[in-house]
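Enquirer: Construct all of the structure, not just a fragment, from the sequences and the given hints.
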Amino acid sequence: MKKLGFDGFKDLIFRNPVVISQQDQIQHEGDENTERGNWANKREYLLSMIGYAVGLGNIWRFPYLAYKNGGGAFLIPYFAMLLLNGIPLYFLESALGQFCSQGPINLWRMVPLLQGVGIGTVMVSLVISIYYNTIIAYSLYYMFASMQSPLPWSDCFSWADSNCNTGQAGQCNLTQENTTCPPTNISVGMQSPTEQYWDRVALQRSSSLDETGSIVWHLALCLLLSSVIVTAALIRGIKSSGKVVYFTATFPYVVIIILLVRGVTLEGATDGIDYYIGTQSNLTKLTEAEVWKDAATQIFYSLSISWGGVITLSSYNNFHNNMVKDTLIVTITNSATSVLAGFAIFSILGHMAHIYKLPVDEVVTEGFGLAFIAYPDALSKLPISPLWSVLFFFMLLTVGLDSQFGGIEVITTSLTDAFPKVFKSKHGLLTLATTCFLYLLGLPCVTEAGIYWVTLIDKFAGSWVLLILAFFEIVGVSLVYGGNLFIKDMEMMIGKRSFGFWLWWRACWFFISPCIISVILVWSVVTFVPPTYGGVPYPDWGLALGWCILAFILMWIPLVAVYKLIKAKGSLRERLKFLCTPSEEWRPYLNVHRGERYSDDRYLQKRNPSNTLEVDVNVISSSRL
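Under the numbering used here, the sequence shown has 222 at position 222, and the numbering climbs by one with no breaks.
Keep in mind that the hints were calculated from the coordinates and are not lab data. Please note that a few of the clues may not be correct.
[Said to hold, decoys possible] Quick list of simulated restraints, FRET-style, between CB atoms:
(1) 488 - 551: 34 to 40 Å
(2) 525 - 565: 26 to 32 Å
(3) 547 - 571: 33 to 39 Å
(4) 569 - 511: 33 to 39 Å
(5) 190 - 150: 29 to 35 Å
(6) 563 - 258: 50 to 56 Å
We put the CB at the ideal spot given by N, CA and C, even for glycine.
Expert: So, in structure tokens, the structure goes:
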């Protein structure tokens, strides 16, 4: 193969028109959809979907939730919610993307009135990508810091202050939102070396969001490296990322198994596993509504529903791909990964509790407290600790990268689908511009107040705002567009199925899933508490900014609906009916798959004024502008 060289790399980035036709011909050779491209094979698609679904929440949140909600008993509501909510919604999004071969915005050609839902989904991916890029930067920094012996957080070295105590791990139970210990630069509180290293060295954390401070340059450089890695992996879209996921989607399992095997051989590991899902399991927890709410929420977020990635990645499938089978593979693998990761985490936390002679529940935490404080502390007590630490943070890196790949692909695919003449031949440049833009947006997250920004984004953009988007999505498909009509669309892809086959899916899409989403949403809003980090409350302007982030995501739903109503013709009733009817562009992407249902003649007959609205074809065309 001819070497790329500088000129070839420049052409790849800026898509030189002289070579673009040759590159695209090679890129799409053998694809069913030669205009948008398809996955090279089924393995690349499944690995990409598994990598996108298996995120940081599987590693640093699920084990804590299982421990908190009754241990092994928690698996009952967890897998029940997977069956009732997770699998049906994942199947729905996979089918939507595959049917129309479009991203989250153009998808809503089926219900033009709700096209703002698609824009809101892209905005979620944009904001969450800032969050994930920062987490990847943290992981890179800790991975590089682990390449020394002893580990820099294994003791109170020169960077520590007088509050550092090597014998008091677990005294400050730091979580993503709260801690019993105040910030070290505000008041006195004993902290372990890993806590002080996280605050004083890695983050150089300020006293609050009000004190922005300067950029933490080692994190800014790691953020830049993260952006470079993502750009290189996505430079040719799914054609390049599909090759990268062979490693990034499988390597975390190698590390989890290695850590699990090492963990179960340690003293105290049994105690940790007992607290996870062993003899400490508490079946009486099943009578508490909070347990079921936590299970439903974890399933919803861990599958990345309403983030746009499932729709986007599925849009590159072949039209007749069996997405039912794919849905089961991805969703079950995702949940099994959560359970497996919990064994690896708790076996080593049990050993840590054994060393400090503390109950396991005093060293168990979640979020940043688990990933960058409790678990690094436990790893520092193992022989050859740098090796285990490098493996762990490399695993966090690959898990974060897979999720970031999906988020960036949502943005670039949506832009390319919306403006194909502008961006189709400039995918490399579009990817580079997107990652550069996200890098600039991420710089506040690597200042001395960066962790407060990261927590703010997570609390307002990665929480119940997704439930609102999911509710509009499932109502728009099942009730406005018509669930039965969409079942006919799916049967065009997977063939005719029996009434019994669709009975369960109908029950979930029409009733069960909307009810579950509604209950979780109302509960989340009612029980909402303002975010804090390290016991530090956010200033009023910070909370206002968080609500602005939420409004920025959701405002597109009413704005687009009002805009389209104003542009449409006829009475209000006629406009609503018209905008709740699929546009002429809602159909399979390729002519060969449209069949009689979506042929041009069939469409004109369906939209004939005598059958639907008293609007001629010219009005239909003009109102879509």
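Enquirer: Now tell me if each hint is right for this structure.
Expert: To see whether the hints hold, each was checked on the structure:
no. : hint                  : result
1   : 488 - 551: 34 to 40 Å : holds, 37 Å
2   : 525 - 565: 26 to 32 Å : holds, 27 Å
3   : 547 - 571: 33 to 39 Å : holds, 36 Å
4   : 569 - 511: 33 to 39 Å : holds, 35 Å
5   : 190 - 150: 29 to 35 Å : violated, 21 Å
6   : 563 - 258: 50 to 56 Å : holds, 54 Å
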